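Dock chain U against chain E, hints included.
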Amino acid sequence: MGYPHPPHPKEMPLLSQHFGDTGARSYEGWVKRGGYEGLRKALGMTPEQVIEEVKTSGLRGRGGAGFPTGLKWSFMPKNSGKPHYLCCNADESEPGTFKDREILRWTPHQLLEGCAIAAYAIGAERCYIYIRGEFTTEHKILVEAVAEAYRHGVLGGNVLGSGRRIDVVVHRGAGAYICGEETALINSIEGKRGNPRIKPPFPAQAGLFGMPTTVNNVETLAAVPHIILRGGAWYQALSRGNPKSTGTKLFSVCGHVQKPGNYEVVMGTPMRDLIFEMCGGMRPGRTLKAVIPGGSSVPILTAEEAEDCLLDYEGIAAKGSMLGSGGMIVMDDSTDLVYQIMRLARFYAHESCAQCTQCREGTAWTTRILERILAGQGKPEDLDLLLDLADNMTGKTICVLSDSCAAPVVSGIKKFRAEFEAYLSKRTRPAAVAV
Amino acid sequence: MRAGVDPGHQRDTEPVEQYQPVFVGEPRRRLEALFEQYPTKQACLLPALWMVQEARGWIPEQAIGEVAEVLGLTPAYVRGVVTFYTMYHTHPVGKYFIQVCTTSPCNICGAEEVVKAFLQHTGCGELGATSPDGRFTVIEVECLGACGFATPVLINDDFIEGVTPERVPGLLQGYK
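Going down the list, the sequences are from chains E and U. Residue numbers for the first sequence follow the working numbering, beginning at 1 and rising by one. Residue numbers for the second sequence follow the working numbering, beginning at 1001 and rising by one.
Think of the hints as simulated: they come from the structure by calculation, not from any bench. Hints may be right or wrong, so weigh each one.
[As the list claims (entries may be wrong)] List time: in silico BS3-like cross-link candidates among lysine-lysine, alpha-carbon distance up to 30 Å:
#, chain 1, residue 1, chain 2, residue 2
1, E, Lys192, U, Lys1041
2, E, Lys289, U, Lys1041
3, E, Lys379, U, Lys1095
4, E, Lys199, E, Lys244
Since this is a predicted model, take the numbers as computed values, not measurements.
If we strip away everything but chain E, and leave its shape as in the complex, we get (with noise of 0.2 Å):
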């Protein structure tokens, strides 16, 4: 299927360099190209050491909000006395964004090296992965990955011989974007609807089953046995000068580019280097447009913005958007902004939990406003009602979906205002027969 591709000389193959070998994929495989290694290194190290080396390492975390991931798992509490637990987001639902389930479908031993060593430093003894129902086929191979690492002593009442429990269950969603929320992923694994909780608390405090949680991205967790068995300042060493981005990032290009598919690249690899090079560019004839350079959540770059700009969190947020999850939706010139942003707007209505009042309305009147200005319905001050309705729709809402859906909106009229203004001038219909 045209996957995977051979690395490109621009790249740094580390969690992905074993991506398109089936034989990565068992557990005598994975052992064979020195899976497991890291985890008999962490259960040589206390706790606290795991988690000082992961904060050496800088790593922050991948499912898109780049929090510090050693400084998370040291808000653990202490001797609480309570079961903890250890999450693992595999809900990969944000658009333009597909690493975390190769990681799944490559190497599902990587990833469960990365739980169990999260789990000890944790002092969690059960891990959940919540992996979204749509990957059928990823689910199929964790399963029996976890199968075969209970068989082989990896997992269980004595993880690698060293009498400490670490339990995988593999916990299967249901079809719902926003359960990739963390406190709604908790509820959807405690048998309740997908709702987003109110913080505080935090997981950490009352999470999963009201005890002390910590929920981890696949890539996140994917990079911690790299990290303890080659140090946290190897890890932080990769980086192009910038301290506060380190390591390598999975980044899943998608779209009008030549060569879709998933580039890891040290942090701060410039992002024309990645769209015109290891992807290949555009299709013949055809220019570079705009870039969401995070998954669909952050706010649109347009091709100048794109073409200077590094791939590392402070890099994208100097143009004024996110690195989020890494996914890259790519739109050449060939592109109906108005409608691809209307289609988004639909994706985060269809997706809203409807609890926050902000949320709910605010997500399907921006879908039908977009809607009447693509029919030719649309009134003259609707640009303005669009950007007053992503205002109330920002940082107002328990989670972050309804700013996720006004991130697109605002940057697309921003910067491409004359095409939603050509669908204006082209109305065909007297405004008041309008939704």
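Frame of chain E; chain U shown alone:
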């Protein structure tokens, strides 16, 4: 109360359609094994609903009552959870349930043409409708998480990447 019968919806005088419970024998044992993996029975709700859907193809109203009973929940609560998650079917669907991703990344790569091809070649005609032969139901789905392999399509549990309108007739040959 008999398993699976929600007393709020049935009166003694009405004929009760025979409902075969899902959680007897082997499925019951599988469910009870799950109880060991979670500190509450409620947490087994999503897995239990998946077991129902695997057995019946959808989640009938009586199954909601049965799940509620085996997990110590109310039918209203279970119904609330079932309707939250889009992958649980609350009505029967075709033998092959086809989900085509049409969110932006796939959309700009031609996903809507793939949807049209499926609607045409399955005989479904419109989204959400089941074909006259009962074989197919086609829906548009939001982001399947395989954006680099546009257009991904899920046919029951088969995840198929890189579907184009031209591939659709051949693909459907595999689903009789």
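Checked hints:
1. E/Lys192 / U/Lys1041: Roughly 12 Å between the alpha carbons, so the hint for E/Lys192 and U/Lys1041 holds.
2. E/Lys289 / U/Lys1041: 51 Å, violated
3. E/Lys379 / U/Lys1095: Distance ~45 Å between E/Lys379 and U/Lys1095 Cα, so the pair is violated.
4. E/Lys199 / E/Lys244: 26 Å, holds
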